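Chain by chain, the residues run as shown.
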Amino acid sequence: MLKRIRIILAAIFFIGITLLFADFTGALKAYLGWMAKLQFLPALLAGNIIVVGLLLVLTIFFGRVYCSVICPLGVFQDIFFALGIKAKRNRINPSPAKRVLRYSVLAIFILAIAFGVNSLVALIAPYSAYGRIAEGIVAPAYAGVNNLLAMIAERADSYAFYRTDVWVKGVGTLVVAIVTAVVLALLAWRNGRTWCNTICPVGTILGFFSRFSFFRPVINVSKCVNCTKCAKNCKASCIDFKEHKIDYSRCVACMDCLENCKEGAITYKWVGPKAAPKECNCSAEEKVDQNKRNFMAGAVALAGAVAAESLSSVEAFAQDGAMAAITPKEAPARGARLVPAGSFSVKRFRQHCTGCQLCVSKCPNGVLRPSTDLMTFMQPMMSFEKGYCRPECTNCSDVCPAGAIKPITVEEKSSIKIGTATVVAERCLEATGKDHCGKCSRSCPAGAVSMLHSIPEDQESPKVPVVDAEKCIGCGKCENLCPVNPLSAIYVEGIDVHRVI
Amino acid sequence: MDTKNIDRRSFLRAGAASVAAVTLAGCSTSQEKKEIADFSQEALGEVPTDGMVYRAPESLGGDKVSLLGYGCMRWPWAPDDNGEKKTLDQEEINALVDYAIEHGVNYFDTAPKYLKGLSEEATGIALARHPRESYYLATKLSNYAKDDTLQEGKDMLMRSLKRLQTTYIDYMLCHNIASAASFKKRFIDNGLLEWLMQQREKGVIRHLGFSFHGDQEGWDLLMEYHEKVHWDFVQIQMNYVDWEHPSEEQVIAKNLFNDLAQRNIPVIIMEPLLGGGLSKLPDFLAQKLMERKPSSSIASWAFRFCGSFPQVLTVLSGMTYLDHLQDNLRTYNRFEALSEDEFKLLDEVAKIYSSYPTIPCTNCTYCMPCPYGLDIPGIFAHYNKCVNEGMVVSSKADPEYRKARRAFLVGYDRAVPSVRQANHCITCALCMTKCPQKINIPKRMGEIDAFVEKLKQGLEL
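As they're listed, the protein sequences go chains H and Z. For the first sequence, counting from 1, position 414 maps to 413 in numbering that gives the first Met the number 0; every step adds exactly one. For the second sequence, counting from 1, position 451 maps to 450 in numbering that gives the first Met the number 0; every step adds exactly one.
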């Protein structure tokens, strides 16, 4: 019964979060966005005390229910574990806790956050790891089916479905997603929650609390016949059947053992706020003192500019003899990273983002894509080859569960400066006298670009676009619409600290 | 503007009249076409083969020209595996030509420029399968030559003869005269017109005329030249909208026509459907016509209008599909001139039509390629489609706003890839020199982009 409830709840969360990532229309974020905001690590980074507190209380009362229900990566592994157990029962060998490894990884994780090695943070963060799988593997399939329906709708003159662009936003991130999915699927198939009880920092933190949980599965020694069924099918390998003990730091409260025990010797019951039982098979040298709750402490700014990735969109355009060929735009080498309005600063963004790709999956303009830079690997960044950051859209700030992009309104967005347009006169049609253009000036929503004579005294001299940096918000419209390809004659440089103008 | 929209919509809602009849006249996909063609066959009976109207003005020395002329600017394409239009569907073209000739059509009008330069060759292949004297061939000296020298003009005619597999052209036109200046530059200063007149004497050209898309000044000059050149015929854009209510960019067709009638010059009509616009009228206008003649297509009214003038030699129609051809053959093989009442009705329709905010683009693609990659005719076609379907609303308060917004935006991305949409126009204005309809394309692009922005941002329209 408890197992069934767990499975139903897990399915709801898993499907909900997957849909949240797959939905490119942005329509579901209003209904499912809370599922992302309930994720532990993003909530911790967002400073969302209510959610963090709630999850800790949940864990103290019921054990690591979070890992079995709310965490999509946990459920992802459970699916493969279930398949594995079906194929071969009694395959698990109970093992001792890998405490050194667990706490070392947690320590490294905290240091990585503190020192801004965010690629490592993003790699290990469980929800983000699943986010990348959903965004990189599930979402394209979802979009593919949608495009098929759109094709049918188009023939039927219906506007129910519209085509969406399926493109590889970051090769590196996609590779990481695929590798993560394969490795975790294999691990889960063979041994269940190996990842969760060795690497996952959230598992380690919640494990620390679940040792004291008020409700927990307990083995009734008088009923136990030492059949070992519970232990040999435990996904956390945490049942010591000889001692009739369960390692509650690793138990994910999946309730499987309750049903596996035909004698009814295991029950999930209230034990109250007792001291944690001694962890079995502990190794004594374990003494890494954690300052677990102080994640945000002492971030050190990394000097030096971050090189932008150069992802060129390799979109093939349907050629028609009567249509001029269009060279696809390429990303310019930007001095500073462009991050969405609501991030406040590049540094703050780097410290909060766990690279889950939820914002990337919600960007309707093809602006956000994961960074390939080593330090910020998989964290999103902006570029304007496919579109620009449109004024009416606040999708990324609406969905970000980690508080890396704080919620902003459309009105606020129009006055938040995230970068400055920069002119490359040698490429400009107008400045070089190739054609009359002034597109950037006409299309600038902030009125920041003027076409001025290159020699003020000479009214015949060619005009060049000049940017008023105090007016420009860095939306990228000028860069995206600039007729010069593949590199635009005007492009946006990021600024380290965003400001309201 | 507001009241008009409301009018149209209330008509839409009330509109119970047969949709089939509307679509009969002209629509977008070939699949649809086939089905409707079969249906019309059943309802309307066989296409007659024996009743074609022929016009034989004395000045043309015995030529008997069918009132329906085949415009070879819109032959069907055979898209390759990638959907790219690189070759024409020759088999289909042959079939269309055969069918047309069988049913009495004997005038074929092409030009070196048509269909990315492929029209003449395809037309030549199809027609070479028929005796040369069984049809009249018209082609043009386009004004889009690589230069304006006499030699280039001569070469162009020689190339046309070769492609059309013939030794003479029945009707030769100076193509698309836009202004006095461009006429002088292309045909007078280099002596090309003089040379063409010599060819007429030699018989390489049987009749010499011009096609006109210009301003009043240009027209006056050409009429002046009649004394010297003696134009055997003139081709003008004429239809019941341009007759008295043309768009602001166009001249009044009635004036041109009367000038020609006065001089006894036979008139060839182009754009009788205004680029197809008069075959797919806004619903409530279409219903006005269907009410009067339920079994006739909307397009047939436009063809009957042109045919009702005795000075008209032939009416050109660029028929891509067999059912276009069949519909027109029904009109001209059992021709009925318009009655006084019907003229009045069309005048009423024209008045309302011209007040519609549709863009008078005929999809001739002369403006293409846009150097910045815009799909100009595609953008206009989408906009016009939305106007005609009532999907261009004028206020957010409109009850249809949400539906119209979605239809416009989703349809826009379907019709035109985002890199070819109106927001990429840099107003270089190169297209403006090429548009025979004199549409201020950059300005229109700006307006459409502004409209799209308002829709996207959800601003008041």
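Hints in this document: simulated from the structure, not taken from any laboratory. All figures in this text were calculated on a predicted structure; none of them were measured in a lab. Wrong hints could be hidden among the right ones.
What the hints assert, rightly or not - DSBU-like mimics (lysine-lysine), calculated; alpha carbons at most 35 angstroms apart, straight line:
no., chain 1, residue 1, chain 2, residue 2
1, Z, LYS184, Z, LYS453
2, H, LYS36, Z, LYS453
3, H, LYS433, Z, LYS184
4, Z, LYS153, H, LYS433
Here is what the structure says about each hint:
{"no.": "1", "hint": "Z:LYS184 - Z:LYS453", "result": "44 angstroms, violated"}
{"no.": "2", "hint": "H:LYS36 - Z:LYS453", "result": "32 angstroms, holds"}
{"no.": "3", "hint": "H:LYS433 - Z:LYS184", "result": "25 angstroms, holds"}
{"no.": "4", "hint": "Z:LYS153 - H:LYS433", "result": "33 angstroms, holds"}
In terms of the numbered hints stated before, the structure departs from hint 1 and from no other.
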